[in-house]
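Please model the entire structure based on the sequences and the hints provided.
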Amino acid sequence: MLEIDRIDIAYGTQRVVHDVSLRLAKGQVGCLLGPSGSGKTSVLRAIAGFEPLVGGEIRLNGEVLSRQGWMTAPEHRQIGMVFQDFALLPHLSVAENVAFGLHRLAPSARAARVNEMLAFVQLDAARKRFPHELSGGMQQRVALARALAPIPALLLMDEPFANLDPNLREQLSGELRELLERAKITALIVTHTQNEAFALGDVLGVMQAGRLRQWDTPYAVYHEPADADVASFIGESVWLRGVASDGEVRSVLGLLRSTRAVADGPVKVLLRPDDVVHDDASPTTARVVRRAFRGAEFLYTLALESGEQVLSLVPSHHRHAIGEAIGVRLDVEHVVCFASPD
Amino acid sequence: MHRLSLNALVALLAIPSLIPLLAVASGWWRADADVLAHLQQHVLPGALMNSMLIAGGVVALAGAIGTGLGALIGLCEFPGRRWLSWALVLPLAFPGYVLAVAWIGLMDYTGPIASALRDVGVGWPEFRSLPGVILVLSLSLYPYVYLIAREAFASQGARAMEAARALGHAPMSALLRAALPLARPALAGALLLVAMEVLADFGTVAAFNIDTLTVAIYKAWYALFSLDSALALAGVLLLVVIALSAIETGLRGRKRFNAIGSAPARRIAVGRWATAVCCAVLIAALLIPAARLGWMAAHSDSDWPIRFAQNSLALGALAALCATCAALVFALAARYAPSPLTRSGKRLALIGYGMPGALLAVGLYVPLAAAGQWLSERSGVALAIHGSVVLLLLALMVRFCAVALAPIDSGLERIRVSLIESARGLGVGPIAMLRRVHLPLLRGGLLVGLLLVAIDVMKEMPITLMMRPFGWDTLATRVFELTQEGRWLDAALPSLLIGLVGVLPIVLLERSHARD
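Protein chains in written order, with the working numbering: chain A, 1 to 342; chain B, 1001 to 1516.
Among the clues, some could well be false.
[Said to hold, decoys possible] What follows is a set of in silico ranges between Cβ atoms, one per label pair, in the way DEER data are often shown:
1) A:Ser108 / B:Leu1509: 49 to 59 Å
2) B:Ile1415 / A:Gly12: 33 to 43 Å
3) B:Thr1275 / A:Asn61: 37 to 47 Å
4) B:Ile1415 / A:Ser108: 55 to 65 Å
5) B:Ala1087 / A:Gly12: 15 to 25 Å
For the record, the hints were derived by calculation from the structure and aren't laboratory data. These numbers were taken from a predicted model, which means no experiment stands behind them. Built from N, CA and C at the ideal position, the CB exists for glycine as well.
Dropping the structure here:
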């Protein structure tokens, strides 16, 4: 389906994307996650045909779309794009916007397709309205219907929720996931919000400083991050010092068996807040430094005897005062550690 | 007290804008039947037709040039795009009549091209014709369209192009179906402005010796000494101007055009042909005229027009002061004493800017001269109304107040209400507020306003020509007199000076554009 091989993108002399490769199978939804300026939107625009490549190759269904010094024009790629600001044409009604990419169809076929798409995104009632008369969520659905109407081989979405009310994002990301599944479309979505990426993506890529650090399922990216930067970027994490020998890691919280091969020597162990469990029976204790109430649970910041701090998620009926010492133990399914020279 | 005095000031300053409107509107039924019949048969058909044809032709040609260049610079990438982006604005420095002096000097029967062709026995069409004047006016007015088109295409057109291309439209189709419709209201505004400028133009058509409404007004006034005919003709011009504004307002519907996002988009790479197109316009509108004027000035044996330049500067400075003060009053009143009266003050300033100079001169002079005569008869004191500098300044103030209003208004928008309230809380009274808060904060806007008005006044021709004190010439009126006498070579130097002065606001404008 979509094959991206070692692409490089530059603005003038400044290289913004280095050596990015990824694959997307038919029907899959991929998410590119990364902080702003990490190059993820440039990758998306290169796939759409708006940015030339200075190296590498982009193929869709085996056909080369872009390579250095050569690119298929955007209008010949059969790739739909939903822009961050939706880019609805303000002088056209909702129905006219959806029909905008159907100029090669006969009028009757065009009208039928517009009706079909408006029904699909449940906007039949708004067909005569203009973009500025719609809510942000409705505008997004119009943009989606418009991009899907010409039946593209691939759909690209740039920050689909950046222009929407934060309170609605979770609900809308669920709706979007459902729409994408019903459309059976292959899609690549760029976002900087981890929860959206988790909710939408079958595959997830983390981009940092122009490089794709990992391209894997969301579960794997969270539990088995490829490197320390990805681990820190995805989810809350703290690092615990340890010493590895023969795949076993010794730390102040006990002996752990590393999931992956690790060289002997000093290492840092990734701990998620749900890896540290409160257990009164545990011989190891830690002192409460900070406590954040999150409704169903408390997020405790705990200081260990070694002076290191860890995070722990504890059901909120366990209420402990700051300064109190509580028993903790580790409950880690995937022990991820990286060599730490210092 | 504060509110009351502001309202009174606005009312006082609004009177000079209202007088010409009322006078011109009443011109039709005041005029003598014989005069009207003469006008209808002999003057009006030709003058009206010429005005409309020239306006239509220039709107089409300047619209095409300006929109095309705006799309190239705003949407495309090609060698030289950056410097061409600002260089293409430069022809705005030359008022139409300056360009006319240069192009007529080059293309006329006695000019080098026609002479050379005649020597080899080839005929040459008369350049002083409708197509000639349309070409010259288009070359001087296209930057209005270009400036607005460039902005519209660069700000939202590029994004619309990308959206359209992602939906399968080729670049040309994307331009016609997405970017151009989005730019349409902005372009309509620009074309209206161009049409207004053409209708108001006097100097260019006079140099081309073509009778339009403005020339007819001038001739009725100077050659026939018929104030009634001048007023009646001005009435026709007013109707045309009002009709144009009404069309533009009516074109806006329920659609909104500024809603699309403006995230950065990449410009489309095109070849060197785009550079060539831009350069060709620049050569025709700027380089050839400047070079020709320089050559003509060097071959003229007239002296440096120092006295006329001094007069131009003095008039520009005085009129700028009047117009800027009036604009400041209008702006402050509309902001701090909002009422139907103060709001209409700003509207009247804009209407004054829309009134062609010839119309304004006649409309202001006729009633004030009548009032002056009535007063002299009653009081026995001789009041010299004609050729009074006061009247000239009044007319220039009405015409150019809006030019100063824009920068002052935008400066005023940046002064937040909380700032004024906090100053009040600290015990600052209304007069001290003006001195200690507004004037320091508005200084930039006021200076820009002063400069823009001064330069516009120096380039202005019909008002100065019709209302100046007898025998007192500026550079602009000097150009008119010399061209009427056929002394093209001698007209070149004052024309060149006017063009040089006109470069100043453009550099200012483009620098602030680059900073944004």
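These are the hints, each one checked on the structure:
The supplied range of 49 to 59 Å is met by A:Ser108 and B:Leu1509, whose beta-carbon atoms lie about 51 Å from each other. For B:Ile1415 and A:Gly12, the hinted distance range of 33 to 43 Å is satisfied, since their beta carbons lie about 40 Å from each other. Between B:Thr1275 and A:Asn61 the beta carbons are some 39 Å apart, a value that agrees with the proposed interval 37 to 47 Å. Distance hint check: the CB atoms of B:Ile1415 and A:Ser108 are about 59 Å apart, consistent with the given range 55 to 65 Å.
Range check, B:Ala1087 to A:Gly12: about 23 Å between beta-carbon atoms, so the 15 to 25 Å window is met.
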